[in-house]
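Put chain V on the given structure of chain D with help from the hints.
Chain order of the listed sequences is D and V.
So the first sequence is residues 0 to 351, counted in numbering that gives the first Met the number 0.
So the second sequence is residues 0 to 184, counted in numbering that gives the first Met the number 0.
It should be emphasised that the hints constitute simulated quantities derived from the structure, not laboratory data.
If you're wondering where the values come from, they're calculated on a predicted model, not measured in any experiment.
Take these hints with a grain of salt, some might be off.
Stated by the list, open to error - In silico DSSO-like pairs for lysine-lysine, Cα to Cα no more than 30 Å straight-line: (1) Lys116/V x Lys138/D; (2) Lys65/V x Lys176/V; (3) Lys140/D x Lys116/V; (4) Lys349/D x Lys301/D.
Stated by the list, open to error - So the derived list for chain D, only partly shown, Cβ under 10 Å to chain V, looks like this: (5) Asp112; (6) Asp144; (7) Pro150; (8) Trp160; (9) Pro219.
Just so you know, even glycine gets a beta-carbon here, dropped at the ideal spot from N, CA and C.
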Amino acid sequence: MERTLNIDLRAARFGYRAKSRNGVKLFAASVIVCACLSAALASWLPLQISVVTVFLFAGPHNWFELRYFLMRLPVRFGKSRNFFLTAFAGIGLLTAGYVSLPLLYSFTSWSSDAWSMVIASWNTLLLSWLALLVWLRGKNKRRRDWSWAIPAALGLCTLNWLAPELFSLAIVYLHPLVALWFLDRHLRRTRPEWLHTYHQCLVLVAVLLTGIVLRLTQTPALPDDNGLFWRITQHSGAQLLPGVSSHLLVSVHVFLEMLHYGVWIVALPLIVPATIRTKQKRNRVWEVETVPLARHPRGVPKLVGAALVLGLFVVAVLWLGFSVDYSTTRDIYFTVAIAHVLAEAPFLLKML
Amino acid sequence: MKRMLAFYALCLALAIGVNTYADIARPSPTPEQPKIVFHTSMTVIPDKKAYEARLQISQDSLNELKAALANTTADNSVRRRIANSPARTVIAGLCLFLSLSIGGIWLMRSAQPRGQKMAALLLLGVAVVGASAIITQANAGPPPSYQWRNLSQNLNANKPTYASVDIEILPEGYGMKLVVPVKNQ
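Bound conformation, chain D alone (with noise of 0.2 Å):
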């Protein structure tokens, strides 16, 4: 009877352990040739990529988004009530500065180093904001102390004051590695035998980087006499930047993003379930229940219901916008992103 016992565990032990194998070979296959298929398209064709993947990607990552913030949310707060009040608060505060920005722009003439104070105050706002949320979280760690984060914060505070323009678009360029972090964690939690083969695959996005830089440091600049291929060179930092090639800088940005919304869209959902399934029943996105916030008895799953028909809305709204007039939405949906960009900071520090 032991013997049988003995076999069965070892033959299911063999069985989960090839499975994860074969999971392993799977993910490195999708992520080198996504990766690769990325990196090609855009340095091939750097603004047209740009445009179709803004306009297929970027509402349905940010429903995906949302609907990974709701499944980390927990139903109470507890010790974490403080971090949580400050993480809500700084996003809205946050997002609403950062929204009133144009609209001060249009009604006013400021010069060009006074728009560089804002530029620079909405910064340490926003570095004092994360400082803060760092240290918070650390007070719910006991062995660790997170206190080091105001003098880092200060120091960042520093380079930002030198030159804001260029600070604001290391965020641009930063913010689409931060999902590559995300799912770093959630890798470590839930397949900690793929995370090896995670990080190899990271080296080949950096040599993938470095070859763009590369192969395009000589490239004449983008044609950007349009009003869209424009915003989009400019986006990349192009005016700030002038000794750079706008291809080489739209191309890096381009590729960044088109990682960012695979690992929203295509990565997180489909590592997500594993944690969650229950009665081996696997279950789909779209399901309200594999929200803990929903499935809880003390949960609110009429209200996480209504914030996913929302937040679909609101993703068909833009994909109508983008067809209508492309270029404004763009302006608006870049703006009004910011807030995901704030979001993912609360919910990533919770996951370290």
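Structure of chain V alone, referenced to chain D:
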């Protein structure tokens, strides 16, 4: 009556003031400083057979000069933005000061000998790099003017002189000028 007198006195003072101000010569505009756009080398060759003075530039140097001229506006704008903003520089300095002081206090208070050792090593590294920078600066080569010191003798002796040169763009004027540093020996 006193009020009237005071009013007239004020009008007179203002009138004199306006007249006096009107007679002040316009302030001479601050001369714009020339911008160094390119650093290269130059060889001055006296040639007895030459009919006309010639300025010879290699194709590579010309291309580099063109690139430097194309980039000069942008480079200056970024540099100027950092340099010409005292308020931002002051705030940046304040943030750096606070960062270093709070970081130092945090380091001292954190009871992690390993972290303190790392920080001590880091500080030591910075000190070594700084000291080596000072030493190498002290042993730096002679200034560029040193290369031009024998120009007049070389010209008299019909010998070439090889030295470095900065190419500057002047906002006004015509033609080219070669300004050579001359030190009294």
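Requested in this report: Could you check the structure against the hints above and give me the numbers of any it violates, in ascending order?
Outcome: 9
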